[in-house]
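Colleague: Make one complex out of these two single chains by using the hints.
Chains as they are written, first to last, in this note's numbering: chain A, 1 to 628; chain B, 1001 to 1301.
Don't read these hints as lab results, they were simulated from the structure.
Accuracy of the hints is not assured; some may be wrong.
[Claimed, not checked] Derived SDA-like pairs: lysine to any residue, alpha-carbon spacing no greater than 25 Å straight-line:
#	chain 1	residue 1	chain 2	residue 2
1	B	LYS1137	A	LEU38
2	B	LYS1256	A	GLU40
3	B	LYS1137	B	PHE1269
4	B	LYS1137	A	GLU40
5	B	LYS1204	B	SER1268
6	A	LYS323	A	GLU381
7	B	LYS1204	B	GLY1264
8	B	LYS1204	A	LEU38
9	B	LYS1256	A	ARG28
10	B	LYS1256	A	LEU38
Computed from a prediction, not measured in an experiment: that's the story for all the values here.
This is what each chain is made of:
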Amino acid sequence: MNFAAPLLLGLGALAAPIVVLYILKVRRRDVRVPYLRLWEQLVVDTKARSLFKRLKRLYSLLLQLLILASLVLAIAQPDFDLKSNEKESIVLLLDCSASMLTVEDGAEGAPDRARFELMLERAREFVEGRSREDEMLIAAVSDRVDVLVPFNRSKLRLREALARVVPTKRALDVAAGLAFAREVTADRAAPVVLFLSDGNAGTVPKALEGQTNASFVPIGATRENAAILRFTARKNESLGTDYLLAVLKNFGAEALETRLELSRDGNVIAVEPIQLPPGEEVSWSKKLTLDEGGTLRLALDHKDAFSVDDEAFAVVRPVRLRKIGLVVAEEDQAAPFLVAFQAMIELVSEASFFTTVAQYATMTELRREADITICVGVVPEGLPARGNLILMDTPIPDFLPATESGRDPKPTVWDWDREHLLNRYLNYRDLPIPPARIVQLEGGEALVTGYDGPLISAFDLTERRVVHIGFDMTAELFPFRLAFPMLLRNAIAWFEAEEDVLFEPTYAPGATISPLRRITDAAPTVTFLRDDAPVEVALAPQEGRFYFADTEQPGAYVFRIDERNYPAAVNLFDPLESDLAPSEATGDALAGTAHRSLFNRDLWALLAALGLALWALEWVTFHRRITE
Amino acid sequence: MAQSTRRERPALLFDGDFLRRLEVLNVVAKKIFSGLLRADRKSVKKGSSAEFADHRQYVAGDDPRHIDWHLFGRLEEVFLKLYREEENLHLTVLLDVSESMDAGRTHKLNYATYVGAALAYIGMANMDAVNVLPFTKRLNDGLWGVKGRGKVFRLFEFLQGVQPSGETEMAPAFREFIGRERRRGVVVVLSDFYDVDGFQQALKYLRFLKHQVYVVHIVDREEASPDLRGDLRLVDSETGTAREINVTDGLLARYKEAFEAHAGEVESFCIRNEFGYVRALTDVPFDDLVLGILRRGGLVG
Chain A
1 MNFAAPLLLG LGALAAPIVV LYILKVRRRD VRVPYLRLWE QLVVDTKARS LFKRLKRLYS
61 LLLQLLILAS LVLAIAQPDF DLKSNEKESI VLLLDCSASM LTVEDGAEGA PDRARFELML
121 ERAREFVEGR SREDEMLIAA VSDRVDVLVP FNRSKLRLRE ALARVVPTKR ALDVAAGLAF
181 AREVTADRAA PVVLFLSDGN AGTVPKALEG QTNASFVPIG ATRENAAILR FTARKNESLG
241 TDYLLAVLKN FGAEALETRL ELSRDGNVIA VEPIQLPPGE EVSWSKKLTL DEGGTLRLAL
301 DHKDAFSVDD EAFAVVRPVR LRKIGLVVAE EDQAAPFLVA FQAMIELVSE ASFFTTVAQY
361 ATMTELRREA DITICVGVVP EGLPARGNLI LMDTPIPDFL PATESGRDPK PTVWDWDREH
421 LLNRYLNYRD LPIPPARIVQ LEGGEALVTG YDGPLISAFD LTERRVVHIG FDMTAELFPF
481 RLAFPMLLRN AIAWFEAEED VLFEPTYAPG ATISPLRRIT DAAPTVTFLR DDAPVEVALA
541 PQEGRFYFAD TEQPGAYVFR IDERNYPAAV NLFDPLESDL APSEATGDAL AGTAHRSLFN
601 RDLWALLAAL GLALWALEWV TFHRRITE
Chain B
1001 MAQSTRRERP ALLFDGDFLR RLEVLNVVAK KIFSGLLRAD RKSVKKGSSA EFADHRQYVA
1061 GDDPRHIDWH LFGRLEEVFL KLYREEENLH LTVLLDVSES MDAGRTHKLN YATYVGAALA
1121 YIGMANMDAV NVLPFTKRLN DGLWGVKGRG KVFRLFEFLQ GVQPSGETEM APAFREFIGR
1181 ERRRGVVVVL SDFYDVDGFQ QALKYLRFLK HQVYVVHIVD REEASPDLRG DLRLVDSETG
1241 TAREINVTDG LLARYKEAFE AHAGEVESFC IRNEFGYVRA LTDVPFDDLV LGILRRGGLV
1301 G
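Here chain B stands alone, though its shape is the one from the complex (with noise of 0.2 Å):
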C-alpha cells in the first residue's frame, strides 16, 4: 500500500496461460449458466417483442411467470420458454484507473484489469455486447460494444494500453457514462472506492437507469493493514499533497478502524441498493475471484 517511491508497475501479461485460464473460466461459467443463467436473469424487455427462443424442462425455483402454459395443456409437463432477447446482454465494465489503483505493494490496477478482461471475455464468448470503460474523473477512450471470441486480442491489445493517470471521481465519470449507454445491463465497477463522498452518487446514477450494477472493491491487504511506523511523510498518490504524520501503533489502529469503516460503508451501500458486492483482495488469484463471483450468480442476480 505504501511506498516511498512509485515502483514500476509489471507488463499485463495476456498470454496463452492466461487464455487457457480465461477458458477455464467460461466453460464453468457455461454449465452454471446452462439452465440457470438466462432463467434467472430477470427479463430486461418483458413483453411481446421478446423473440421466442427455446424450451426448457422447469426445475424448481424456477419463475412461474415463464411457464409454457399451453405446453402444459397439452404435454401435461411443466416449460419454461427461454426469449433470443434476453441473451443479448449488455456487459460494462468499468475500470478504475486513477493513481490510486497503481499505489501500494500489489497494483490494483493490473489485478483490476485481469478480473475484468476475464469477465469480459465470458460475455464475448456468450455474444453479449461488452463495453470496457476505463474512468478517473472521466471516462477514458473506452471499448464500446465488442461482441464475440474473435474480439478478444482487441480486447487485450486495449487493456495493455491502460495507463493510471489522475485522480478518482465516480459521479461524473459513471453520468457520462449513462448519458453515453442507454442500454441497460449488467454494470460491473472495479474500484478501490477512494472516493468517499462521490461513490455513493456515482452508483446511484446506475441505479438511475436500472442497471445490474455488480461492485468488485478492489482491496490491496496492506493496504488495508499498512506496516509503517514512525515519523513520515505520506503523499497522496492522486493529488501528490504530502501530510507529516507519526504514524504509532494506535494510530495505526485507527487507520485500520477508519478503512474497514470505509470498505463497510461502500458494502452496506450495495446492499442497501440490491448491487452484487464483493472484496477482492489483490493476493487471491483473479480466477478464483471470478469463479467465485460466478458461482455467487451476482452478475446474474
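Isolated chain A (complex conformation) (with noise of 0.2 Å):
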C-alpha cells in the first residue's frame, strides 16, 4: 500500500495531543458539594463497577485514536496498486472526431449510446479510479489537438475537462495527437499515454505499434456503414454542361441496395436506385445542365449507425453571360468573331458590343467596361481598369511583363501546353500559323511556343487576365478560323475561373473558409443551416480577406459577396472516419488501473465514514455524558 499523499500521514502526531487532553479529560472536574456524606452512601454501590468504568474510559481513548487513524488514512489517500509506486504522467487523448457519433446498439434492453458518450464514460472511470498523486492532462483529439485541461492532479478539474469536451463531426489526425502526447510527456518520469479511439479504421492501433507506455483503448463494436466518399459538380465551361461525380463505398459485410437521392437547393430532382457491394467503392455520375447553378445534397436512401457520411454536398456555378467588347483596327475584322459571338449565344450577353478604335475613344467610360475586350491589331486608348483581355496580333501594351523582338514570317509551332484550359480540345501540330510577333516573355506562360519564341501568352495580373495571340488567327487559315471560337471559349472559361471560383470545391468539417482572391465587398455575410433552420451571419473582412470557421456542420455554406452567391460545400470524404470497423485494444493500461482505482476510490472513503461513525460513537458513549 502506499499513499497518495504520504506527507499527511504526518497529522498522525495529532495522537499526542489526544493523548493529553485525554489525560486532562479524565482528571475529573471538582464540584463543591454541600455534603459528601450522602453521596458517599451511594458510592459504595458503585465501587464494584469501577475497574469497568475505568475500561470504559480507556475505551474512549483507544476510540479517540482509531478515529484520528482513520481520517488520517483517509486524508493521505491509500493507494492498494501493487504494480507500481511511480507516480505517472498520464496523458488521455480522446478520439473527437466524426466516427465517434456511431451509435451502438445498446445490450439488452439498454438505450443506443454513441461511441463518443461511451468513450466520456470509460473516461470518467479512468479519472475517478486514478491515484491524486498521478498528474493526468487530457486532449481532444481530431483533425487538430485540443487541451481540455493541462498537467492536472485535481479530480475535479478533470472531471470539469471531461464534461466540456464535445463531439465533432472532423476526420482524426492520429499523428498529431501522437505527436502532441510526445511533446507533453518529453520531459516527464513515467509518461503514459492512453489513446481512447475507435480506432480510425486501424490507425491509432498502428500508430502505437512499438511505442512502450502506450495503450490504444477501443471504443465501439459496429462496422456496418454505407458512405459517400466523395461528390463534385463540374461544370465544362465550353460546353456548359454540368457534370456529377460520386464515390460510394460499403464498409459493412453485406450488400446493400438503396436508392440515391440528389436534390438541388432543397428539392428533389433525382433519385435512382444503387447497388454497394460489400467492401467495394461504387462510382456514380450523372450529367446535368445547371444554368442557374445551386447547391447539390446527394443521400444515401440508408440509415445506419454513421449518419454523417450518408450525405455529400456540391456547389454548381451558375452560368453568366459575359459582355465582350471587341475593338478592331478596320472594320471588316470584326466579322469572324460576330460569327463566333453567335454560335456562343449562351455565353455572351445582349450588352456586348464591337467598335473601330476610332469609336472607342469616342465611348464613355462605363460604356467601355466590359467582362472581355478583345483588341485585334491594335490596342486601343483608354481601356478600363477592370475585365480581361484577348490581344489579337497586337503590340505588347506596356502593363504586360512582356517584349517584343520583332515578327516571324513563317512560325512553326514547336509545343504548347495541353493541360492548359486555354487549349483544351485545341491541337496545333503541324498547322500552318501565319506570320506572327516574336515576344521575349518576362511574366506569364507561354500556352503555344514556336521556335522564335511564344506565340501564345498568357498572363495572370493582380487586375485581370491577358490572353496573348501573336498573330492574326482569323486570317483566311481554315483550321485556326475553325479553331478560334473554341479557344474564345476556353479563355471565358479561364477568365471564368477567375471571376467565379472563389472557393475550394470542397472543405472539411471544421475547417476555414477563406476566398481565393481578394474580395471588395465591405460587407459579405454567409448563410447556412443549422438544425434545419437558416442562419446568416455578417463577415468582417480585412484587406479583402475573412476567415469564416464555423464549419462543423457539413452541408452547403452561401457566401454573399458584391451582391453575388457563391456557394462552398463541406463534406467529411474521410474513408477513415467512414471505416467503423473495430479496431484490437494494444495494452491494457486502463483495465489495469480501472481495477486499481476501485480499491483506491472507495478505501478513503470507507475510512472517512469509519472515522465519523467513531465520531459518533465515542460521543454517544463518552463525551456526552461527561461534558454536561
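Modeller: Right, here's the structure in full:
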C-alpha cells in the first residue's frame, strides 16, 4: 500500500495532543457539594463497577485514536496499487472525430449510445480511479488537438474537462495526437499515453505499435456502414454542361441495395437505385445542365449507425453571360468574331459591343467596361481598369511583362501546354501559322511556343487576366478560323475561373473558409443551415479577406459577396472515418488502472466514514455524558 | 447545590425595601396574633405569679381553663383572662452558619438570615426578647435578649457580619445554648440539617428544656435534585474531603432518594417530638415563607 499524500500521514502526530487532552479530560472536574456523606453512602455500591468504568474510559481513548487514524489515512489516500508506486504523467487522448458519433446498439434493452458517450464514460471511470498523485492531461483529438486540461492532479478539474468536451464531425489526425502526446511527455519521468478511440480504421493501434507506455483503448463494436466518399459537380465551361460525380463505399460485410437521392437547393431532382457490394467502392455520375447553379445534396436512402457520411454536398456555379467588347483596327476584321459570338449565344450578353479604335475613343468609360475586351491588331487608349483582355496580333502593351523583338514571317509550332484550360480541345500540331510577332516573356506563361518564342501567351496579372495571341487567328487559314471560337470559349472559361471560383470545391468539417482571391465587398454574409433553420452571419473582411470557421456541420455555405452568391460545400469525405470496423486494443492500461482505482476511490471514503462513525459512537458513549 | 469553585456570596440587603417587607409581615402577624396568639400560647408559667393584663371575649376554640368564671357569674358572658407575663416571650433564632449553608447555587445562609431577621423583627416589634445565635459546632457570638423595634438596626448590623465557616455539629452547639439560656421560649432552628448523626440529639436538648421548637429546614432545590453527570471529584464544602464519583443517571436517582430520606427523617423526627417543621425552599420568597409559618401557627403552637 502506498499513499497519494504521504506527507499528510504526519497528521498522525495529533495522537499526542489527543492523549494529553484525554489525560486532562480524565482529570475529574471538581464539584463542591454541601454534604459529601450523602454521596459516599451511594458510592459504596458503585465501587464494584469502577474497573469496568476505567476500561470504559480507556475505550474512549482508543476510540479517539482510531478516529484519528481513520481520518489521517483517509486524507492520505491509501492506494493499493501493487504494480507501481511511481507517480505517472498520463496523457488521455480522446478521439473526438466524426466516427465517434456512431451509435452503438445498447445491450439487452439498454438505450443505444454514441461511441463518444461510451468513451467519456470510460474516461470518467479512469479519472475517478487514478491515484491523486498521478497527474493527468486530457486532450481532444480530431483534425487538431485541443487541450481540455493541462497536467493536473485535481479530479475536479479533470471532471470539468470531461464535462466540457464535445464531439466533432471532423476527421482524426492520429499523428498529430501522438506527436502532441510525445511532446508534452518528453520531460516526464513516467509518461503514460492512453488513446481512447474507435481505432480510425486501425490507424490508431498501428501508430501505437512498438510504443511503450502508450496504449490504445478501443471504443465501439459496430462495423456496418455505407458512405459517400466523394461528390463533386464540375461544369464544362466550354460546353456549359454540369457533371456530377460521386464515389460510394459499403464498409459493411453485407451487400446493400438502396437509393440515391439528389436534390438541388432543397428540391429533389432525381432518385436512382444503387447497389453497393460489401467492401467495394462504387462510382456514380450524372450529367445535367444547371445553368442557374445551386447547391446539390446527394443522400443515401439508408439508415446506418453513422449518419454523417450518408449525405454529401456540392456546389454548381451558375452560368453568367459575359459582356464582350470587340475593338478592331478595321471594321471588316470583326466579321469572324461576330460569327463566333453567334455560336456562343449562351455565353455572350446582349450588352456586348464591337467597335473600331476610332469609335472606341469616343465611348464613355462606363460603356467601355466589359468582362472581356478583345483587341484585334491594335491596343486602344482608355482600356477599362477592370476586365480581362484578349489581345490578338497587337503590339505588346506596357502593362504586360513582355517585349516584342520582331516578326516571324513563317512561324512553326514547336510545343504547346496541353494541360492548360486555354488549349482544351485544341491541337496545334503541324498547323500553318500566319506571320507572328516574336515575343520575349518576362512574366506570364507560354501556351503555344514556336521556335523563336511564344506564339500564344497568358498573363495572370493582379487586376486581370490577359491572353496575347501573336498572330491573327482569323486570317484565311481554315483550321484557325475553325478553332478560334473554341479558343474564345476556353479563354472565357479561364477568365471565369478567376472571376467566379472563389472557394475550393469542398472543405472538410471545421476547416476555415477564406476566399481564394481578395474581395471588394466590405460587408459579405454567409448563410447556412443549423438544425434545419437558416442562419445568416455577417462577415468582417480585412484587406479583402475573411475567415469563416464555423463549418463543423457538413452542408452548403452560401457566401453573398458583391450581390452575388458564391456557394461552398463542407463534406466529411474521409474513408478512415467511415470505416467503422473496430480495432484490437493494445496494452491493458485502462483495465489495470480501473482495478486499481476501485480500491483507491472507495478506501479513503470508507476510512472517512469509519472515522465519522467512531466519532459518533465515542460522543454518544462518553463525551455526551462527561461534558454536561 | 454543586459548583466547581466557591462562588462569592452576595451581600445581605437590609435596606428600606426589606424593612417595609418586614413591617408588612409584622402587621399581618399582629392580625393573626390578635386574640389568637396569646390565647393560643400555652402558658409557660401557669399560676398566680402571672400578671393579669386584660379580658377578651371567648371564642370557640379557646382554652376553657382561662375563662373568667367570676365575670361569667356577674355578666353572664364568657371572657378570657389575659396575662402580661405570657406576652414577654423569649424567641431564639438558631442560625446554622456552617460552610454547607454557603454551598450550592443559591446561598442558603442568606436566605436563612432573611428568614431569621424577619422572625426576629416580628418578635422584637411585639416586645419579645429575642436571641439570634449563629452556630456551627458550637455557638458563635450572637445577639442575646434584644427587645424593641428600635434595636432592629443592631440586629441587621449583626446579621451582616455573620460569615459561613466550619462544620455543622448541632448537638454540642445546642447543648451550649441550653446551658446559657435557661428560660423557656420559642426556638427556631434555621439549618440545612447536614448533621445526619447529630441533629436528633441536638433537638432533644431543646425538648429537654421544654422549648417550643420550630424547625425550618433550608433546602436549595438544586441540592435536592442536582444537575450533575459524568466523572466528577466531589468536594465536601465543610471538610474539604474529596471523593471521585462517576455520576450516572442511576446514581443520581439514588442520591435524590437519599436526600428525600434524610429530609423525611428530619421531618418525621420533628413530628414525633411535636416540633413545628417546614421545609424552606430557597426559591420561595422569604416573606412568603414567614407568612406561611405564621399562618400555620407553628410558632405559637
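Colleague: Hint by hint, say whether it matches the structure.
Modeller: Okay, the hints, checked on the actual structure:
| no. | hint | verdict |
| --- | --- | --- |
| 1 | B:LYS1137 - A:LEU38 | holds, 19 Å |
| 2 | B:LYS1256 - A:GLU40 | holds, 13 Å |
| 3 | B:LYS1137 - B:PHE1269 | holds, 21 Å |
| 4 | B:LYS1137 - A:GLU40 | holds, 22 Å |
| 5 | B:LYS1204 - B:SER1268 | holds, 14 Å |
| 6 | A:LYS323 - A:GLU381 | holds, 19 Å |
| 7 | B:LYS1204 - B:GLY1264 | holds, 17 Å |
| 8 | B:LYS1204 - A:LEU38 | holds, 23 Å |
| 9 | B:LYS1256 - A:ARG28 | holds, 22 Å |
| 10 | B:LYS1256 - A:LEU38 | holds, 10 Å |
Violated hints: none; the structure is consistent with every hint.
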